Amino acid sequence: MSKPKTPIHFTVDGKKCQAFLGQTILQAAKDNGVYIPALCRWEGFEPAGACRVCTVRVAGRTMAACTQPVTEGMAVENNVPDLQDMRKSLIEMLFVEGNHMCPTCEKSGNCELQALAYRFQMLVPRFPFQFPARKVEAAGKKILLEHNRCIKCLRCVRGVRTRDNKAVFGALRRSRDKEITVDQALAAALPEKQARQAMDRCPVGSILRKEVGFVVPIGKRKYDKEPIGSDVEKAKD
Amino acid sequence: MARKIVIEPVTRVEGHGKVTIRLDDKNNVSQSRLHIVEFRGFERFVQGRPYWEAPVLVQRLCGICPVSHHLAAAKAMDVIAGVDADGLSPTAEKMRRLMHYGQMFQSHALHFFHLAAPDLLFGADADPAIRNVIGIILTNKELATRAVLLRKYGQEVILATAGKKIHGTGAIPGGINKNLTAEERDALLRGPAPLDIDTMIAWAEEAVEFLKDYHSKNRELMDSFAAFPSNHLSLVRKDGALDFYHGAMRAVDADGKRILDDVDYRDYLKYIGEEVRTWSYMKFPYLKSLGKAEGWYRVGPLARLNVCDFIPTPRAQKQFETFRAYTHGKPNNMSLHMHWARLIELLHSGEVIKELLLDPDLQKTELVRKGKKRGEGVGLVEAPRGTLFHHYQVDKNDQISMANLIVSTTNNNEPMNRAVRWVAMNVISGKREITEGMLNRVEIAIRAYDPCLSCATHAVGRMPLVVELFDADGNLLDRKSR
Ligand code: SF4
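These protein sequence lines are chains A and B, in that order.
Just so we're aligned: 127 in this note's numbering is position 127 of the first sequence, and the numbers increase by one with no gaps anywhere.
Every position in the second sequence, counted from 1, becomes a number in this note's numbering once 237 is added.
You can trust all of the hints, since none of them are fake.
Listed below are several chain B residues computed to face chain A (Cβ distance under 7 Å; list not exhaustive):
#1 Gly285
#2 Gly400
#3 Gly405
#4 Thr406
Hints are computed from structural coordinates only; laboratory data are not their basis.
All values reported here derive from a predicted model rather than from experimental measurement.
Backbone N, C-alpha and C fix where the C-beta goes; we use that ideal spot for every residue, glycine too.
Can you build the whole structure from these sequences, using the hints too?
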């Protein structure tokens with residue numbers, strides 16, 4: 001028998017919210033119709049706290065909402081100008097650290113990084129472009145890895161596994177030298193549905209199921225109709 | 238003292254061109270050249286990209302006719318995906334055609350009304366401050382309104398087929414990513430007023446009449462300005478009909494004799510060579526059978542109407558018959574008649590759009606076909622400014638390893654140079670002073686062919702006209718700008 005959930009109370013920007021003990025701030029906020037932007041988070045998998053776009057402030061301390069459990073009486077600051085600007089700067093950093101050419105990217109319209117840039121009204125990044133030399137790994141039968149666009153969120157490492165639970169993706173090195181690797185033999189053996197899932201799991205256009213690019217027309221893509229986060233915000237309306 | 242006149246950059250021509258005219262000691266023109274000063278990069282930077290990305294990537298070559306690049310690349314990638322040109326589903330082929338004729342419609346409207354009409358209406362000696370589209374708006378409201386709406390209609394067709402008015406995604410290897418909904422169809426067929434297809438066709442027809450009337454009053458200018466004999470190249474449908482989307486290559490000489498006929502464009506390298514000249518980044522294509530000196534050719538509206546046997550829609554065919562009769566059935570070699578041909582094509586595009594809108598295949602759902610993959614693909618279309626070649630090789634990892642593009646402007650490189658030379662010889666030669674009107678005529682000559690140097694060189698932007706006068710030793714004698 002599962003343990004009864006213990007209800008607790010907290011606030012986000014003064015809004016009274018309810019949650020259950022053990023939930024993270026991000027989950028709890030979502031259940032209360034409050035959107036906290038996040039890139040490395042993928043529901044159902046362990047949070048990684050990698051991208052820090054979900055940073056909130058509690059009692060003067062900043063913390064990642066995706067890893068921090070919510071507690072009774074917590075007063076969370078979320079949609080406040082300085083935090084929003086910091087999040088925007090993180091998004092800008094992700095853009096300048098890689099080589100992101102939205103106009104020709106097949107993930108355009110379905111890309112969470114691009115969608116967040118729109119939500120935050122990013123025009124020109126405040127940081128200089130790094131133009132890193134990165135490669136395209138195209139030798140696989142099904143999956144193409146476009147390293148130029150990888151934001152090292154590790155969703156693929158955490159969430160793409162074969163039926164016998166072998167990791168298809170891994171990570172090499174650390175920090176800015178971190179690089180995602182793919183076991184192309186395992187990737188080629190993924191059933192079609194899972195190969196497409198791997199593409200969806202990647203928030204940007206780094207993991208691509210080969211030869212399906214641009215099949216969804218403009219107007220029907222995920223973020224063509226509404227900005228990212230609208231689903232969360234509307235759920236409680 | 239020998240003098241060198243530099244005209245740069247050319248206004249109302251997209252991109253960056255420079256004209257140098259060298260005079261000898263007696264102020265006679267000894268040499269004239271149209272230089273393209275930017276470097277072309279697309280063929281290099283598509284290398285390594287996955288092949289299905291090419292149609293979306295390469296359309297960024299151009300902001301005026303991206304659909305042409307999109308479709309030429311898609312046709313090449315169909316072949317790579319194992320689908321031949323006649324193997325697309327009817328819905329896919331017709332959607333692409335609709336997109337293409339929509340783009341032809343908007344581009345021809347833009348070219349004629351916004352870019353060329355000011356020259357014709359105000360004359361080459363008019364003040365540049367009014368010899369532009371704003372001048373047209375101020376002096377001829379009705380014409381200006383139509384210009385804007387004709388173009389807008391073409392863009393609406395592109396929006397409905399490619400998802401965006403500029404740089405959409407519609408065509409994918411082996412097909413298309415959407416069909417035309419009944420609502421989209423009805424909006425294009427019937428309104429909102431005056432944006433319905435019948436009004437558009439009527440306006441296009443009136444535009445042809447407007448040009449014919451202008452011609453009758455300005456015969457000397459229209460018939461002699463930058464007129465010179467040339468070969469002409471275009472795609473034609475198997476039965477000889479005008480076709481912008483698909484066909485075989487045909488070329489005729491200045492008298493109408495066929496040089497190429499029924500050539501499968503996948504073999505274009507057997508027939509077309511590209512000469513590199515040290516002074517220009519833009520190559521000079523030529524028909525191999527005639528050699529570098531004699532093999533240059535025109536492409537575009539004039540060439541298409543010189544090459545085809547008929548136009549497969551009634552109103553445009555009627556206009557075509559008048560056009561052909563004017564040169565007694567022989568090819569028309571008058572540069573300013575390019576505008577006449579362009580407007581007949583505008584009318585034809587409107588008629589084809591209507592035919593397609595009434596075709597129920599556009600609401601069917603078979604969008605993509607796949608076949609056995611191949612390593613190489615060639616795709617040609619007739620872009621608004623002329624024949625456009627896209628050729629790619631793809632490696633076993635699906636990455637593009639080679640790309641060769643011959644764009645319309647490049648095909649017209651030698652003709653544009655000849656047109657500039659005509660102006661130099663006929664207008665500038667023997668004169669001591671360079672007037673505004675002379676410079677305008679250089680531009681008019683280029684503009685008849687192509688307002689879009691950016692597509693050949695891939696630069697963006699437009700700058701004011703600068704004129705510099707050099708002596709034989711390269712010393713700046715004079716500088717005029719506006
Ligand atoms: S490949 Fe995609 S999912 Fe994997 S780390 Fe990079 S961005 Fe994240």
